[in-house]
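Engineer: Numbering (my numbering), first residue to last: 27 to 511.
FYI, nobody ran anything at the bench for these hints, they're computed from the structure. A couple of the hints might just be wrong.
To be verified - Between beta-carbon pairs, the in silico distance windows are:
(1) H449 to A298: 21 to 31 Å
(2) Q119 to R464: 32 to 42 Å
(3) G180 to G421: 38 to 48 Å
(4) D479 to A389: 17 to 27 Å
(5) A389 to S360: 13 to 23 Å
(6) V482 to G257: 35 to 45 Å
(7) P59 to P447: 36 to 46 Å
Claimed, not checked - List time: in silico EDC-like cross-link candidates among lysine to aspartate or glutamate, alpha-carbon distance up to 20 Å:
(8) K422 to E443
(9) K142 to D214
(10) K371 to E100
(11) K422 to E325
(12) K327 to D345
(13) K422 to D345
(14) K118 to D214
(15) K118 to D213
(16) K142 to D469
(17) K422 to D440
(18) K371 to D384
(19) K142 to E407
(20) K356 to D345
(21) K142 to D403
(22) K233 to D255
(23) K233 to D214
(24) K356 to E407
(25) K484 to D495
(26) K371 to D74
(27) K118 to D133
(28) K233 to D290
By construction, the Cβ of each residue, glycine as well, lies at the ideal position given by its N, Cα and C atoms.
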Amino acid sequence: MALQRILALALLGALALPAAFTAHADSPGDYVPETDPLVLRRLEQWQDWKFGFMMHWGPYSQWGVVESWSICSEDVDWCRRPEGVAYTDYVKQYEHLPDTFNPVRFDPAAWAQVAKVAGTKYVVFTTKHHDGFAMFDTRQSDYRITAPNVPFHGDPRANIARQVFDSFRDAGFGIGAYFSKPDWHSDDYWWRRFATPNRHVNYDTRKHPERWQRFVDYTHAQVDELTRDYGRIDILWLDGGWVRPGDTLGDIANGTAGVPWPQDIDMPGMAAMARRNQPGLIVVDRAVGGRYENYRTPEQKIPEQPLPYPWETCMTLGDSWSYTPNDNYKSARSVVQMLVDVVAKGGNYLLNVGPQPDGQLPAEAVRRLRQIGAWMDVNGEAIHASRAVAPYRDGKFRYTRLKNGDMYALYLPDAAETRLPAHLHIPGPAPRAGATLRVLGSDAALQWHREGDRTVVKIPAAVRAATADAYAWAIRLPGAAEAMQ
């Protein structure tokens with residue numbers, strides 16, 4: 027048996043799912059604007075942060091497999107399991123992963139420091155994914171990080187979500203709690219009386235309303251714990267968009283096979299309760315639409331055009347949301363240019379890294395984050411607290427606006443471009459007459475003049491050399507946004 031288990035674990039560890047196979051995250055219907063002034067104030071602050079740090083972490087990291095989805099029996103690529111292992115046997119092994127989860131090198135202060143160096147301003151941490159394992163000390167379930175069967179339960183850091191939130195809050199971050207509405211470990215969601223053919227609740231909630239109500243109460247109780255007992259929370263980031271009222275279910279939320287019964291989790295009651303605990307809380311009932319999706323979250327993609335509501339691209343640094351050995355991490359240059367593109371279109375960029383099973387961030391991911399941070403040290407003022415401004419993008423240029431009326435034109439070079447061109451022809455509004463233009467990273471004043479609808483800027487050789495090898499260059503255009511008013 028020991029040998030069989032070793033072979034099984036080796037096979038399971040080889041499973042790594044491409045990011046392209048993640049669940050859809052688009053939202054139906056028109057965006058419903060928020061009216062609560064406290065929430066609007068928090069949304070404005072969130073839009074100032076611009077760049078966030080996300081982590082998917084749980085016992086599944088020991089196998090290096092996709093978070094939760096391998097125990098879902100849908101016949102799709104992101105739910106695949108190793109050949110020759112029966113589904114029920116696999117699920118039993120998966121559910122025993124907490125028995126060996128002992129992240130003794132967990133250091134949330136070190137995580138926060140790396141995230142701060144990268145230039146991120148808020149964190150979203152997975153308190154519970156679809157598999158139902160709670161990374162916090164919930165009183166609603168024994169399937170939790172502090173349960174007696176978990177080796178880490180006696181460690182003073184065992185209440186992991188509290189440790190993460192406290193450490194990032196101490197470092198000045200906004201705090202987001204990822205929470206999955208479906209719970210595949212709960213007998214009131216996946217009832218063991220029946221098979222589990224897909225991601226949905228596996229019994230007819232119309233025939234068994236008392237069981238569904240228990241699940242609703244259980245879910246509300248966990249959200250109550252998170253928003254009441256874990257300090258200031260800025261964002262409740264809800265996943266599992268197929269859990270919603272039946273009359274709103276469409277193909278986008280159905281998975282490979284939908285269900286005809288509703289999965290109404292009582293979002294009005296949940297949001298009201300959470301906001302009693304956390305006035306001004308941003309609620310993101312993602313992929314559902316309606317009044318409880320305060321901002322939208324396109325997943326693993328960047329919209330082609332600016333969107334007329336608050337939004338956030340959530341994207342992995344590697345190919346996987348959770349830890350995968352030897353993951354294929356994006357280059358710092360690629361991440362910076364995507365960040366610039368997102369911000370120019372008015373969005374936020376939430377970048378995900380999966381911690382290792384021992385509690386450390388992967389060394390290669392940390393190197394990428396430090397490289398990104400070196401660029402942000404020089405250019406962050408063109409990103410943080412900015413807003414979208416026409417013309418948004420034009421060729422290699424992207425634009426951001428500061429609240430004082432200044433604009434930035436950010437030049438995104440091709441891979442072979444290591445230095446700025448000797449002359450930039452920047453389309454768009456003119457800087458204030460007599461203004462001094464500079465490239466971030468250099469104190470040199472630049473000569474400029476207008477030619478038609480373009481600002482022509484001369485970049486001296488010394489400036490080109492001093493700012494060489496940047497992933498993108500930012501040129502401040504004082505007063506340019508004022509000309510548009």
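Engineer: So does V482 sit 35 to 45 Å from G257, Cβ to Cβ?
Structural biologist: 52 Å, violated
Engineer: When you check the alpha-carbon spacing of K422 and E443, does it fall within 20 Å?
Structural biologist: 12 Å, holds
Engineer: Please verify whether K422 and D345 have alpha carbons no more than 20 Å apart.
Structural biologist: 26 Å, violated
Engineer: For the pair supplied as a hint, K371 and D384, is the alpha-carbon distance within the 20 Å limit?
Structural biologist: Roughly 38 Å between the alpha carbons, so the hint for K371 and D384 is violated.
Engineer: Is the hinted range of 21 to 31 Å satisfied by the C-beta distance from H449 to A298?
Structural biologist: 58 Å, violated
Engineer: Holds or violated: K118 and D133, Cα atoms, limit 20 Å.
Structural biologist: The hint is violated at about 30 Å.
Engineer: Is it true that the CA of K233 sits at most 20 Å from the CA of D255?
Structural biologist: Given that 20 Å is the threshold and the Cα spacing comes to 35 Å, the pair is violated.
Engineer: Do the alpha carbons of K422 and E325 lie within 20 Å of each other, as the hint requires?
Structural biologist: Not satisfied, since the Cα-Cα distance of roughly 24 Å exceeds 20 Å.
Engineer: Given the hinted pair K327 and D345, is their Cα-Cα distance within 20 Å?
Structural biologist: 13 Å, holds
Engineer: Between K233 and D214, is the straight-line Cα distance small enough, at 20 Å or below?
Structural biologist: 13 Å, holds
Engineer: For the pair supplied as a hint, K371 and D74, confirm whether the alpha-carbon distance does not exceed 20 Å.
Structural biologist: Between K371 and D74 the Cα gap is close to 14 Å, so the pair holds against 20 Å.
Engineer: Cβ-Cβ distance between D479 and A389: within 17 to 27 Å?
Structural biologist: 48 Å, violated
Figure legend: structure checked against the earlier numbered hints; hints not met, in rising order: 1, 2, 3, 4, 6, 9, 10, 11, 13, 16, 18, 22, 24 and 27.
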